[in-house]
Every structure is written in C-alpha cells, then in structure tokens.
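Trainee: Listed below, chain by chain, are the residues.
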Amino acid sequence: MELFFQQVVNGLSLGALYGLIAVGYTVVYGIIQLINFAHGEIFMIGAFGALTAWLLIPGDSLSLWMLPVMLLAGMAAAVGTSLLTERFAYRPLRNAPRLAPLITAIGVSVVLQEFIRLFFGRIPGFPDAKSAIVFPQIDYVTGLAIQLGPITVQRAALFTIIALVICWGFLNVFVNRTQVGRAMQATSQDPDTARLMGINVDRIIMVAFALGAALAAVAGLCWGLRYTNVEFRMGFVAGLKAFTAAVLGGIGNINGAVVGGLVLGVIEVMATTYIPGQFGGSAWKDVWAFVILILVLVFRPQGLLGARVVDRA
Amino acid sequence: MTTMPRLITPERQQRSDPAAGWVGIAGGVVLAASAFLPWAYAFQALDGMSLFGYPSPLQILGMVLGLLVAGLIICSRRIKPRAKIRVGWVRGAKAAGTGALVFLILVTVAIALELGGLVNVVWGGWIALLGAVIAFVGTRLMVADPTPTLERATLPAWLEILAIAVVMAAVLFASAYVLNLDDGGAFVAFLAFLITVVAVMLRTGAMGWLSAVSRRHRQVLILSAFVVAFLFPFTQGGSDANMSIATQILIFAATAMGLNIVVGLAGLLDLGYIAFLGAGAFTAAVLSKSAFSTVNFHPPFLVTALISGLVAATLGLIIGSPTLRVSGDYLAIVTLGFGEIFRLTMGNLDGENGPNITRGPNGIPAIPNLEAGGFDFGKPHTILGFDLGRFANYYFLLLIFLAFVILVFTRLNNSRIGRGWVAIREDEKAAEAMGVNTFGLKLFAFASGAFLAGLAGSIKAHVDVSITPDQFIFLESAFLLAAIVLGGMGTVLGVLVGATLLKLLPEKLRFISEYRLLAFGLLLILMMRFRPEGLIPSQRRQLEFHEENEELAERIEEEVEDTGALKGAAL
Numbered sequence: 003m004e005l006f007f008q009q010v011v012n013g014l015s016l017g018a019l020y021g022l023i024a025v026g027y028t029v030v031y032g033i034i035q036l037i038n039f040a041h042g043e044i045f046m047i048g049a050f051g052a053l054t055a056w057l058l059i060p061g062d063s064l065s066l067w068m069l070p071v072m073l074l075a076g077m078a079a080a081v082g083t084s085l086l087t088e089r090f091a092y093r094p095l096r097n098a099p100r101l102a103p104l105i106t107a108i109g110v111s112v113v114l115q116e117f118i119r120l121f122f123g124r125i126p127g128f129p130d131a132k133s134a135i136v137f138p139q140i141d142y143v144t145g146l147a148i149q150l151g152p153i154t155v156q157r158a159a160l161f162t163i164i165a166l167v168i169c170w171g172f173l174n175v176f177v178n179r180t181q182v183g184r185a186m187q188a189t190s191q192d193p194d195t196a197r198l199m200g201i202n203v204d205r206i207i208m209v210a211f212a213l214g215a216a217l218a219a220v221a222g223l224c225w226g227l228r229y230t231n232v233e234f235r236m237g238f239v240a241g242l243k244a245f246t247a248a249v250l251g252g253i254g255n256i257n258g259a260v261v262g263g264l265v266l267g268v269i270e271v272m273a274t275t276y277i278p279g280q281f282g283g284s285a286w287k288d289v290w291a292f293v294i295l296i297l298v299l300v301f302r303p304q305g306l307l308g309a310r311v312v313d314r315a
Numbered sequence: 166m167t168t169m170p171r172l173i174t175p176e177r178q179q180r181s182d183p184a185a186g187w188v189g190i191a192g193g194v195v196l197a198a199s200a201f202l203p204w205a206y207a208f209q210a211l212d213g214m215s216l217f218g219y220p221s222p223l224q225i226l227g228m229v230l231g232l233l234v235a236g237l238i239i240c241s242r243r244i245k246p247r248a249k250i251r252v253g254w255v256r257g258a259k260a261a262g263t264g265a266l267v268f269l270i271l272v273t274v275a276i277a278l279e280l281g282g283l284v285n286v287v288w289g290g291w292i293a294l295l296g297a298v299i300a301f302v303g304t305r306l307m308v309a310d311p312t313p314t315l316e317r318a319t320l321p322a323w324l325e326i327l328a329i330a331v332v333m334a335a336v337l338f339a340s341a342y343v344l345n346l347d348d349g350g351a352f353v354a355f356l357a358f359l360i361t362v363v364a365v366m367l368r369t370g371a372m373g374w375l376s377a378v379s380r381r382h383r384q385v386l387i388l389s390a391f392v393v394a395f396l397f398p399f400t401q402g403g404s405d406a407n408m409s410i411a412t413q414i415l416i417f418a419a420t421a422m423g424l425n426i427v428v429g430l431a432g433l434l435d436l437g438y439i440a441f442l443g444a445g446a447f448t449a450a451v452l453s454k455s456a457f458s459t460v461n462f463h464p465p466f467l468v469t470a471l472i473s474g475l476v477a478a479t480l481g482l483i484i485g486s487p488t489l490r491v492s493g494d495y496l497a498i499v500t501l502g503f504g505e506i507f508r509l510t511m512g513n514l515d516g517e518n519g520p521n522i523t524r525g526p527n528g529i530p531a532i533p534n535l536e537a538g539g540f541d542f543g544k545p546h547t548i549l550g551f552d553l554g555r556f557a558n559y560y561f562l563l564l565i566f567l568a569f570v571i572l573v574f575t576r577l578n579n580s581r582i583g584r585g586w587v588a589i590r591e592d593e594k595a596a597e598a599m600g601v602n603t604f605g606l607k608l609f610a611f612a613s614g615a616f617l618a619g620l621a622g623s624i625k626a627h628v629d630v631s632i633t634p635d636q637f638i639f640l641e642s643a644f645l646l647a648a649i650v651l652g653g654m655g656t657v658l659g660v661l662v663g664a665t666l667l668k669l670l671p672e673k674l675r676f677i678s679e680y681r682l683l684a685f686g687l688l689l690i691l692m693m694r695f696r697p698e699g700l701i702p703s704q705r706r707q708l709e710f711h712e713e714n715e716e717l718a719e720r721i722e723e724e725v726e727d728t729g730a731l732k733g734a735a736l
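Read top to bottom, the protein sequences are chains D and P.
Take any residue in the first sequence, count from 1 to its spot, add 2: that is its number in this note's numbering.
Take any residue in the second sequence, count from 1 to its spot, add 165: that is its number in this note's numbering.
Bear in mind the hints are in silico, worked out from the structure with no lab data behind them.
You may find that some hints are simply not true.
[As the list claims (entries may be wrong)] Here are the simulated PhoX-like cross-link-like pairs (lysine-lysine), alpha carbons at most 25 Å apart as the crow flies:
1. K454(P) with K132(D)
2. K594(P) with K454(P)
3. K544(P) with K132(D)
[To be verified] DEER-style ranges, computed between Cβ atoms:
4. G200(D) with L295(P): 55 to 61 Å
5. V71(D) with L172(P): 22 to 28 Å
6. R89(D) with G543(P): 38 to 44 Å
7. E517(P) with L5(D): 20 to 26 Å
8. F172(D) with R681(P): 53 to 59 Å
9. N527(P) with R197(D): 56 to 62 Å
10. R89(D) with L172(P): 51 to 57 Å
11. P70(D) with I677(P): 36 to 42 Å
Yeah, the Cβ is synthetic: ideal placement off N, Cα and C, and Gly gets one too.
Same shape as in the complex, but just chain P (with noise of 0.2 Å):
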C-alpha cells in the first residue's frame, strides 16, 4: 500500500465519508443478493454456479462476504462508539470489502479458465463483480475508525469458553470443507474466503479479543484443539485419500517443529534437517520386520522409535560438536553438505560400494504396519459406527507424537534454556559475556531437534511402507525451513499453519503441479522480501525485522509488563 500512489488521501475521505457508507452498503447488497443470480454458463465450473435462484456454496460464500460488508457498515453507523471498548467496524468493512473484490475476482477467473474464456461468465457473475468494485471502493473512501481495543472485553466465563468452542467447531468445518473441495479454483476462492474472514476479525479486534480469551482460558483452548482435531478423521466417512494427505500433513509438521527449535529458537540455520529425519526413518526400516530388513534384530517399535531417535541424536552430536564452534554461515554449509553425505551414504549402502545395510537406492520396501496390543495399525476400524482407514490409525498416532513435540517445544520455550537460546540467537557475544553456556546450549539444541526428527521418521517410516534414499533429497530441507519461515519462526501456531500450507496447496493445486516448484522458489524470495517475519508472526521476532515500528514496540513492552515475561513467542 505504502509504494501506491495516493489515490485515496484523508482528506477526500473525510469529505466522501457519509456518501461512501451508502455506496458501500449498495455494493454489498448487489453482491448478496447476485449470489441467486446465475454465475457461469455451465454447471461444470467450479462448484455449479448456473442456476437462478439456487445459490452454490460458493455463491452462499460470495453472499456472506456482501452481507458482511454491509453490516459492518450499519453497525458502525448504528452502535454508538463506548470510549473504553473500541470495534473497528470500518476497519473491518474494508478488509471484507476488499476481500470480497480478490474473491469475486479469483471466482471470474477460475470461471474462465475452467470453461475456456471470459464469455462463459454471465451476466449475474458481473453483477457480483460489480457489486464487489462498488463494496470495495465505498469501504476505501471511509474514514477508518480508531485502534480496536476490543480485547479489553470481557465476558462471563462460560460465554468466552462458548465463544472458543463456536470458532474451534468451524475450524474443524472450514478443513473438513476444503480438504473435500477437487476443483483447483473453488478451493484457491474458498482460500480467500477464509484469508478475508481472518482479515475481518483481525481489523475488527474480534481477533485481539480472541487471543486474549484465549490466554484467560489457554488450557480450554489446548484441549479444544486436539478435540477438533481427533474429530477430524470421523468428518471423512471412511475414505483415506483426504487422511494421507492429513498423515503426510502431521509427519511434515513434526518434523517442522523440530527443526523449529534449531533454527526458530537457537538461530542456528539447519540446511541438512532431513538427514535426522532419514536417519530416524532407516534405522526403523531396518530394525522393522520387513522382508528386506538386513539386520536379525526386530525390536518391538517403542524400542525401535526410541533407538531411531538416539541414532539420529547421536549423529546430530557428531556432526553439531565440532561445527557449532564456527559461524553461523558456516554451519548452514556443513550441515547442507552432512545432508548430502547421507543420502549418498544410504545410496552407497547396498552390499557392493559398501556393507549392505539400505539396499542402496532400491531402499527397503514392504515396511509392516505397526501392531499394538492388538490393535493393527494396517486394517480398517468402526468406532461408534464411524468407519476409520489405514491412514486414520496413523492420523491418531501423529497426533499424539505431534502433541508431545509441541509440548517439548513450549516448555524448553519457557524455561531458562529457552532464553538461553533466545539470547544466543539475539547475540551470542554478549550471551557468552553474560555466563550463557552457549556451546552447550547450542548442541543441546541440536541434538534435540535431531533427536525428535529421528522420532518422527521412525513412525513415517511404518506409513509411507517403503523408504529409499531419495526421499531425503536437499529440497526437502528447504520446504521444511520454508514451513519455518512461511508461518512465523519460534511459534507453534505458525509452523503449523506453514506445513500445513506447503503439503496441502501442492495436492489441492494439481493444475500447477508442473509449476510448483517455481512457485516454492518465488514464494521464498517474495517472503523474505515483504513479510520476513512470517505469516503469525511472534512479537518479538516482528520487531526485529521492523525496528523502527514504535507502536509495535510500545505494545510488546506492555505485554511484558502485563504478564511479567514474554510470552508472544508461545502459540
């Protein structure tokens, strides 16, 4: 916005102001009510928009983001402003407003390429569009209300737990929702739709109210989130395409979130993270009971999970205690290339350039399914008359492990080691000065972070059932740091967003599936370049990427003295 030419200046706004609400409310109604209107030629396109009178869900999502706009407006020009409690109503009917323009125009696109040509989209699909203009220039040429102190609210207890659960249920709608949309361009548009509403509570307060609800009630809010997310299996009816996706979604995640801890918390830049990963992941094929295994020692898997993850521990002590002493540029390198050595190692490995122990690139197939007390992890479930798959099984375990990790995460987070870390990745000279172990502490982080990803590749090595050497490719690093990076380094919430980003767009995305990695490499660049903080951010982390926001500054020193320490940096 900051490099646009001003179009739109404060002055004209104050004079357009009372004319604009009205021009916004218009564009809002035309879009609601085009949404019975027929959109495309043929019902083919996205998600059959061609009817009159019978709205698509994505015309229902087009009439909700009319509508909302249009209240916003009311409710801004209706309630009567308290001086404690601030909503930014106008605020937020810009960010609807503009949000329903970026949806109505992905929509026409998504029409026109699906179809093949601009002419497939009819005359109700220009109206809404027309109606979005209209809602997005009125919304532009209001004048914003002041700052939202909305999380200043506070309600009866039960309300705000009530509140959690309303918007935890449609977290577990809005996935169950999109991981069933197959058209490419209704989900890019149900993406959208989703990203406005987000924009929309954050503008408003509502998003600010939120998280500090969520603080008062952080133990509902944990609970809730797994709840959602045990439940999200039984929303599938059975099928396990959308639950491989989800398995691949949590071991990526796990994974990330190791890999969080070096390089989010510690600050050291891990290019070779895979290589825990495989390590893990060999060292539980091979001790497994697959027909391919080469060793006669079949170990029962929480003994082999925890042997995967003291070998890929051990491996990050060998490769960390020398090289943690030099630069932190240079320990980018070395690991890259530690990264390259294993899998060339586990490539080499196959009885002729050296001792059999991986079969070479031909890897170890037919990795049995897991078995525990009973309970095989390979066939089919009921549970309550709800049919759960192979991957289901799996989804439940990660889930668990996934658990465990964040919770290793956040209390290393919060304890003396953590601001170990935080201080070392902030300044190590000065840590040093201040009595900070940092060669202790940094192998420490380097080692644990092994240590979970050999943990997790022990689990991936039973769900992907076969594991070869060129699984743990370069790449793979990268898109592990870039789910990092993407979301929002050293928080929780924000390496989960990201992983679940990277592993989902790809698959829902099949139309540019030639492009992806182009795609991945611009995403990198552009990110560093406009947002290098990540998409959720923690506070600190922000201000050191923009240090002369006073604001954002003046706000973090409140919060410290509000809680007595920092805690931005936990979910």
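Excised from the complex, chain D in its bound form (with noise of 0.2 Å):
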C-alpha cells in the first residue's frame, strides 16, 4: 500500500507537467480547431529561456532568487515564439483545408528544435545545445527529498504540483471572470457570432496561444529542476503526451486538460510498476500512454469530462 501511495505521489508529480503543457493544446484546439504541433517545442523553449536567463545573469547563484527571473524569461520566450509562430506560419492560412495547417505546425516543430540544436551553443558562453544541458538545480526547490510519512517526495516534484494548483487557479479566474476570457470562450463556441458581437477574434486567437505558451514554459521550468536536463527533443515526446491528455480530459475543456494530465501520469506511473512480467518497467512506460491515447479516442472520443468542440467540419 504504501508503494500505491508513493506511485500516487509521483504519478500526479508527472502528470502536472502534462496538465500544464495540455493546457496549450486545448485552449488553441478549441478556438481554431488546429492541433498546434509545435506546442511541445514551445515548451522546450520555456525551458530554455529559463536557462538562458540564468546563464546570462554572472556568478551561477542558486539562490531562491533566481526562480521569479528564470520563470519570466521563460515565458517571454515561450509566448515570443508562439506568438511569432500564429502570425507568420498559422495566421496565413487560417482558411486553408485543415491539412495545410497541420504541415505547417509539423514544419514550425522541425524548425524550432533545429534552431535550438544548431544556434543555443553558437551564443559566447553558453553550453552546446546537441546534446543535454544540465540544468541550474535552484536552492530550496531542488534538493533532499521531503519525507511525509513513508512517502518520498522530491522537492521539484511538490514544486510542480504546486505550480499547476496555482496556474489552475488563475486560469479559471481568468477565462470565467476577466472580459478577455469570457471573449475566448464566446470566440471558441461560435467565432463568427462572437465576430458580429464586437469581439476581436484574431487578438483572441493571440490569447490563447500566448496562455498557452505562458503554461508551457512553467512545465519547461519545473521539468528542468525535476530532470536536472533539458533538451531540443524533449519537446517532442512531452508534447505528444501532453496532447493525448488533452484528449483524456476533452479537447477544447481546459479544467479537462487538467484533470486529463493527472490521470495520465497516473496511470503511466501505475502501469510501469504494476504490470507484471516482461511489458512491465520503464521501457514500456510511453508504449502504454500512447495505448491510452488510442483506446480513449476509440471509446470515449469527447473525454471524460466532454470535449467542448463544436464540429464545424
């Protein structure tokens, strides 16, 4: 039992990174219908700003101090490119046949991971990005494990979950409170009518995808102190994951994406130790995730908590 609780603990510390980075692929899924393949990689560059900022600032510190600097630098850098991205490679082709769209954002997802692998390490100072980079191991967030009980805790694993609890929060205020969010959710339901009700539809498009950055790039930041590593590929496989809980929780329902990268750490987690014999362990452990992706699109396509999309094909 206590094993189960332990799981629990690192399962749900796993899944805040996907719920986080979910929230991405939602948001943007609901209002335009792409699935933003790129979105993993802006996570990577969230993860690399981060870097970036402490590598420019002198003396290497670990004080506490650093982590409000890094977190910004992060999402300027994650909201920066998304932002880049929507304008110059999805905006042109906003009424294009939805293949169009989706090539594009596998072409963005090449072109971001080969710029980090071949200019990072091009800037004076700063370490080659082909392989991985260790990352800054922050003072109080990182370190000796918290012991509740029988349970381990690593530091960066609570910091994690806190860091969802806290963005969860602040998304909800803002998508149901804030004149901006309650804009997206009208633009998500019926873009056209939110158009005739004197609703910007393009800013609202720039909002989601900058939200959804901003997200992104506090997972690139928890997942740098919990790994001790980034890297340009980890955006991929993170991405792909962070989509299917996307898809667990219900495409386009952001309290979905949430609860959908819970479940999905969990379950990771569970069927990595609890399946017996040989498809057990950790080499089968993405093998079983993309599993669920699949067995959930097949018989539950609207989620658990229902996907909020409406079919415009």
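Both chains are given apart, each in its own frame, so use the hints to dock them into the complex.
Mentor: Spelled out as structure tokens, the structure:
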C-alpha cells in the first residue's frame, strides 16, 4: 500500500507537467481546431529561455531569487515564439483546407528544434545544445527529498504540483471572470457570432496561443528542475503525451486538460509499476501512454469531462 | 509578384516594348558570348571556368540561356502569329531572362563561396552577370503575348512519338549528368538551369503541347519513361555510388506512392506510415536467412514479401478499424502515436523487456542478398559489356516494384473506389448520404497503403542489409508526407519528383548537411504558405486551394467535357 501511495504521488507530479502543457493544446484547438503540433517545442523553448536567463546572469547563483527571473524569461521566450509562429505560419492559413496548417505545424516543430540545436551553443559562453544540458538546481525547490511519513516526495515534484495548482486557479479566474477570458469562451463556441458581438477574434486567438505558451514555460522550468537537464528533443514526446492528456480530458475543455494530465500521469506510473512480467517496467511506459491515447479516442472521443468543441468541419 | 510595388506597369511596357526587345536580345548575346571568357579566378571553382576560349559545361549552359532569350525574342518579332495556334514567345523569353539572372547569381555566389570572396569572380563573370541583368530588364519591359494555345497543334504521329523520345532522352542525359556532379554549387546551378528550361517550356506552351501529345500517345510515354529508367544504370559505368542513391530514391518513392493512396486520394492524414514500412522490413529481416534471425522459418523471398505485406496490412486494419471512425485530426495523432508504439515495441522486443524477436535496438544485421534462379543480387554482373554492381541489381527489382505500385495507384484512382475516396476527401457527410460506404473505403485505403509499404519494406531489408528500430522514427514519416506535399498530392508524377528531390538534395548538398533539417522544416512551412497544392498539382487539387481562380475552373470544366472524365489526377 505504501508503494501504491508513493506511485500516486509520483504520478500526480508527472501528470502536473502534462496538464500544464495540455492546456496549450486545448485552448488553441478549442478556438481554431488546430492541433498545434509545435506546442511541445514551445514547452522546450520555455525551458531554454529559463536556462538562458540563468546563464546570462553572472555568478552562477542558485539562490531562490533566480526562480522568478528564470520563470519570466522562459515565459517571454515561449510566448514570443508562440506569437511569432501564430502570426507568420498559422494565420495566413486560417481559411486553408485543414491539412495545410497541420503540415505547417510539423514544419514549425522541426524548425524550432533545429534552431535550438544549431544556434543555442553559438551564443558566447553557452553550452552546446546538441546533447542534454545540465539545468541549474535552484536552492529550496530542489535538493533533499521531503519525507511525508513513508512517502518520499522530491522537492521539484512538489514544486510542480504547487505550480499546477496556482496556474489552475489563475486560469479559472482568467477564463471565467475577466472580459478577455469570456471573449475567449465565446469565440470557441462560435467565432462568427463572437465577431458580430464586437470581439476581435484575431486578438483572442493570439491570447490563446500566449496563454498556452506561458503555462508551457512553467512546465519547462519544472521539467528542468525535476529531471536536472534539458534537451532540444524533449518537446516531442512530452508534447505528444500532453496532447493525449488534452484528449483524455476532453479537447477544448481547460479543466479537462488538467484532469486529463493528472490521470494520464498516474496511469503511466501505475502501468510501469503494476503490469507484471516483461511488458511492465519503464521500457514500456511510453507505449502504454500511447495505447491509452488510442483507447480513449476509440471509446470515449469526447474525453473524461466532455469535449467543448463544436464540429464545424 | 503580386506583393511587389508595380514598378513595371502595362502602360510602361506598351511604351518601351520596341526598344526593350533589342535590349533583351543584346543582353542574351552578351551572356552567350561571355561563355568564352574566364568567369572565375581559379580552376577549382565549380567546373573549371577560369579559361579563355574554352567554356566549361556550366558556362555552356549560361550560353544556352542567353541564346534562348535572344532566340525567343527574335522568333516573337519574325514569326507571324496565327489565329488558332499561338506560341508564347515573349512569355518564354521572360521566363528565360529571369532564369538566366537566377542562374548567374547562383554561379557568382557559388564561386565566391568556394574560393572565398567575390574578388574571385573575374571580369568575364561580371560581363555574364551584366548580360543576364540586361536580358532580365529587357524581357521584363516587353509586352507579353496572349495565352499560348500550342496544345491545339498536331503533327504526324511519328513526329510526336519522336518528340516524346527526344524529351525522354534529354531526361536520361540530364539525370545521369546531375548525379555525377560532385560539386554542390554546380549541382544547384544545374538545377536552376533545368527549372528554367521547364519554365520556358511552360510559358511558351511547349509543355502544354507535350502533355497533349503524351495524352494522345499514353502507352508510348509510359513505355519510354520505363525504358529511360531502365537504361539509367548503364550510364553509370559500373559505379555503385550513384546507384545506391538511386535505390534509396526508389524505395522512398514507392513508399511515398503508397502513402499517396492514403493521404492524396482518401484524404486520411497518416503520420505513422513509416511503421508499416518498418513492419514489412522487420518481418522480412526475421524471416531471412540472416544468422541473427530469431525464428526458424525461412521461406523463399516471394513468400516472405507476401507475408511482410500481409503483416503490415493486418496492422493497418488493427489500427484503422477503430480509429477511422474518429475525425480527421484525431486520426493524425492516433497514427502518430501508433508509429511511436511500433518503434518503441521493436526496440523492446530484445529478450529482456519482451520476447526476443527483433534483438531490440541492435536490430537484425547481415541480411543476405536476394537470389532468384541463380541470379545473385549481391554480385556484380556484366550485361552487354556494361558492368552492373549490387545496387544496380536492386535498382531493377525496385523499378519493377515501383511500376507495380504506380499501376495499383492509377488503377485504383480511376476506378469506382478512387471516385469514392475523392468524394470522402471532399465531403464525407455528403459522400455517405450519396451511398458511398465511407468506413469500408477508408479502411481499404488504409490497409492497401499499408500492404504496399510492407512490400517495400521487405525489399528494403535486403537492400539495406541491416534493419534497426531507429530507422523508423517519426521524422521519416514526416519526410514521406513532405514528398507528397512537395510534389503534389494525389498525382504520380508529383510524388516521383518530390521523392527524388527530397532524397537527392541532401546527398548532393553536403555542405549544408548540418542545416538539412532546418531547411526541410522551412520548406514545409513555405510550401504550405505559397504553393500548398505542390509543384506538380492535379488541376482539381489546385482549384481547391485557389477557389477564386475562375480561369482555372473553366479550363478544368473544358477538360471534363473533352474527355468525359477527369484525368488530371492521373499522371
């Protein structure tokens, strides 16, 4: 039983990462029905943005003060990149057949990965990005694990869960209480009517991209603290799983994305622990995550909490 | 062109037209003459253009472009226009002028890059560039003639067939020449030349005439294309270096053609298609007589190939039957997930994390060469005095296979099934309402595409000797998709061109190998932005992306009336 609760905690902290990234997929899909394939790379850019801030500030300080600086830098990098891709890659294709933006998204994903791989190390004093880079381990949020009775919690894992809770709260206030948030809901329900009501749909789409990117940057920072290194490739599988989480929760549904992320994280950890014999173990964990994706799409395509997408195809 | 400020207005062209013709001719002549002058300071640049009086091959190409500009302008002035059959002389001259300028700029840049600095471009090079600029400006200032109607022209049948033969011979010669260019700069310049020639043919209407001719003599065209491809190994003088690239292109093209059924015809976006190739390759590898094979059953290759295809098709059915009910975007992600599942599973079946079938990340090496009736594919053979190496043997096999895949593709496309697919692609709900069995047809597209990929994989296993899971990463699926998108969805020729470009360019442009993927990603984005229908689109597909283009719509309408059915999609 101890093992079980230990794994629940591990799963929740993993799922919190997925949830943070999944929100980006869900808000964008909810509004323009685009699987933003490059969102995993936005998450990766967020992590590298945070790393850049740390590298640029002299003194290799690991004090807690660095954390907000890194977070803001990561968010700036992720949001900036996301808005640029939206403006120059996706927006011109708004009325194209649906295959076109999806292929563009694949292109954007490749370009962003290659961009980091090739050019990050060119900045003087920066480590080569062709292999994994060690991420600074900030005091207090990393280090000695915390013991809660029999359960061990890594500090970074706890930090991730807290970050998710804060972001979730912020998200709900933003979407339900602010004017922009409500405009976003209206646009996702019916963009044409929203436009008639005086909503600037282009701006709302930009807000959606920025919102997703900001949360992805939080996830990127958490990832760096938790797994102690970052890599140009890290966005691909993480993005794919986060998309799974978004579908699991019901695409277009922001709360669903968070719940889906947590559920997926727990299932993945449980499958690794409890599937007996050769097919258990960490070698198969990604396989089980993708099997879940397929099963959900087949048996409950609307997701756990129900999709909030109007089929306009 | 549309976004440029209107520097050249129709009125200005009207005024300048008489003089502009002479300017264009002068530019062309200057460019042609400059071929005899040295262009570069040292011999090492490109293909030796530092000599006075001895033009290098690339300089001769420059000369051809110059003469083309001058000749086309002279033709436009001297040959009286006929009412029924119009030739776009000036249009062609404009294309040649632009192409000549691009060609010269590329050559200049290449000299500068290869020798280190623009100082290495000597006076002859600058004169050539000047000639190209003059030719470009001159042709730009001319008034374009009306749309060419050369396709209405008919010649005696034997002359038309001869024209096809000449074009095919030119294709053979050009491809043999281009593959032997080791210099990246020369390769790019030659490519620019080829594109210019095609553009000139398009603009003058010669291409329209050729396509009309090839429609009239369809069998001749297909046969001659096959003959040319068949003759290609004989131009290589026993060298296997280019044949190795050629076999890779053929495998890639055949796989892309299978994916074209799924994506291009049925409109189902499959992002994990490489898994089916992998399934076929692993099946063939395990069933081969490799010392590392993990099963004790080694049937002859034809049986193996069939089993490989069936295994892949079964996987296609398993993954397709539940997921084809969900909407299009979800299918893309499910197939992507499936591709990852396949790759990870192949990596895990190593005896430790699962049963030992694929030997995990090590894969199955030392797959023996094929053998058919005493003909060993691994050994070089001499036919009619020509040496043919190992890859040439596989090249012939793959050529036959590609022909088979193309046959399947076109037959399906022109059948009731193909029309059902197009209906599904355009509007699934409407198709269903009209009585099309949408689910069955989609499943069939998925399974048949997978079957062809499985067959391709079984040959790939023997060509590549060693099969490992990391040959089947997501990026390979993206490459296959890009080949289709680049060439033109749903067409045969487009996919062949796209596959060739995507495999050939990285081989020849080794100096940008580091930036290969970056360029690939940018290419995808730019293609979708500026030419989403691909380089050689089917006309119907082109209309989908440019709904406002009424002229195109009318042309397609006419064609439908002419032939009774739409043939634009087939070749």
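Trainee: Can you name, in rising order, the numbers of the hints this structure does not satisfy?
Mentor: 1, 2, 3, 5, 6, 8, 10
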